[in-house]
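Protein chains in written order, with the numbering used here: chain U, -1 to 105; chain C, 114 to 230.
Keep in mind the hints are simulated off the structure, nothing from the lab.
As the structure is a computational prediction, the values presented were derived from the model and not from experiment.
Keep in mind that the hints are not guaranteed to be accurate.
Claimed, not checked - Lysine-lysine pairs mimicking DSSO-like chemistry, simulated, CA-CA at most 27 Å apart:
{"id": "1", "chain 1": "C", "residue 1": "Lys189", "chain 2": "C", "residue 2": "Lys132"}
{"id": "2", "chain 1": "U", "residue 1": "Lys37", "chain 2": "C", "residue 2": "Lys156"}
{"id": "3", "chain 1": "C", "residue 1": "Lys132", "chain 2": "C", "residue 2": "Lys156"}
{"id": "4", "chain 1": "U", "residue 1": "Lys105", "chain 2": "C", "residue 2": "Lys189"}
{"id": "5", "chain 1": "U", "residue 1": "Lys105", "chain 2": "C", "residue 2": "Lys155"}
{"id": "6", "chain 1": "U", "residue 1": "Lys101", "chain 2": "U", "residue 2": "Lys37"}
{"id": "7", "chain 1": "C", "residue 1": "Lys155", "chain 2": "U", "residue 2": "Lys101"}
{"id": "8", "chain 1": "C", "residue 1": "Lys178", "chain 2": "C", "residue 2": "Lys132"}
{"id": "9", "chain 1": "U", "residue 1": "Lys101", "chain 2": "C", "residue 2": "Lys156"}
{"id": "10", "chain 1": "C", "residue 1": "Lys155", "chain 2": "U", "residue 2": "Lys37"}
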Amino acid sequence: NIVLTQSPATLSVTPGESVSLSCRASQSISTSIHWYQQKSNESPRLLIKYASQSISGIPSRFSGSGSGTDFTLSINRVESEDFSIYYCQQSYSSLYTFGAGTKLELK
Amino acid sequence: EVQLVESGGGLVQPGRSLKLSCAASGFTFSNYYMAWVRQAPKKGLEWVATISTSGSRTYYPDSVKGRFTISRDNAKSSLYLQMNSLKSEDTATYYCARHLYHYFDYWGQGVMVTVSS
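One chain only, chain U, in its complex shape:
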């Protein structure tokens, strides 16, 4: 199985800061990575598809980049509603896997 390693596990920031969350794949997966946000006690929400493609209804401060094994989710000027857990998911293999998540918390 393709293993996705997300870092850091926890990121403490203040509103207004810009942040980058990392997702590294155990093998090259082209751009077959997707990002989700999960707020406390809610179901996940799709943020970015295929590494960098935007999703309708998602604020423009969220963006994605990367290819191969290294991927980044960037949040430009974090807002209070962004404090959540973020997961990456790969679809290069039909045995879909998720990363363990990065928790974005208020400093």
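Starting from the known structure of chain U, fit chain C onto it as the hints suggest.
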């Protein structure tokens, strides 16, 4: 508005069976692959099963293959997950999700399954 509403969760003993349901609305159900994704308490997400539009093709990870069966009824816009030989490690919130191409674009609110004696 796309809505996915799961039901059928609860407490079940190890080795027993349980069937989850998901009622879909707000889109043409028969045109989409569908999936189940689970989340153990305080843990990350794990894909559990996917089914094709007609139901003729199903996909599972090794962790549930042979024990879980995904199915659908397009006439009722409903998705199901039959879970047999349940283990304590199957304890999780189970989400029904619309599986678009290679990602999950809509998720239900989830249903809790607890496997314990």
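Hint by hint, here is what the structure shows:
| no. | hint | in the structure |
| --- | --- | --- |
| 1 | C/Lys189 / C/Lys132 | holds (16 Å) |
| 2 | U/Lys37 / C/Lys156 | holds (14 Å) |
| 3 | C/Lys132 / C/Lys156 | holds (23 Å) |
| 4 | U/Lys105 / C/Lys189 | violated (48 Å) |
| 5 | U/Lys105 / C/Lys155 | holds (21 Å) |
| 6 | U/Lys101 / U/Lys37 | holds (10 Å) |
| 7 | C/Lys155 / U/Lys101 | holds (12 Å) |
| 8 | C/Lys178 / C/Lys132 | holds (16 Å) |
| 9 | U/Lys101 / C/Lys156 | holds (12 Å) |
| 10 | C/Lys155 / U/Lys37 | holds (13 Å) |
The structure does not agree with numbered hint 4 stated previously, though it agrees with all others.
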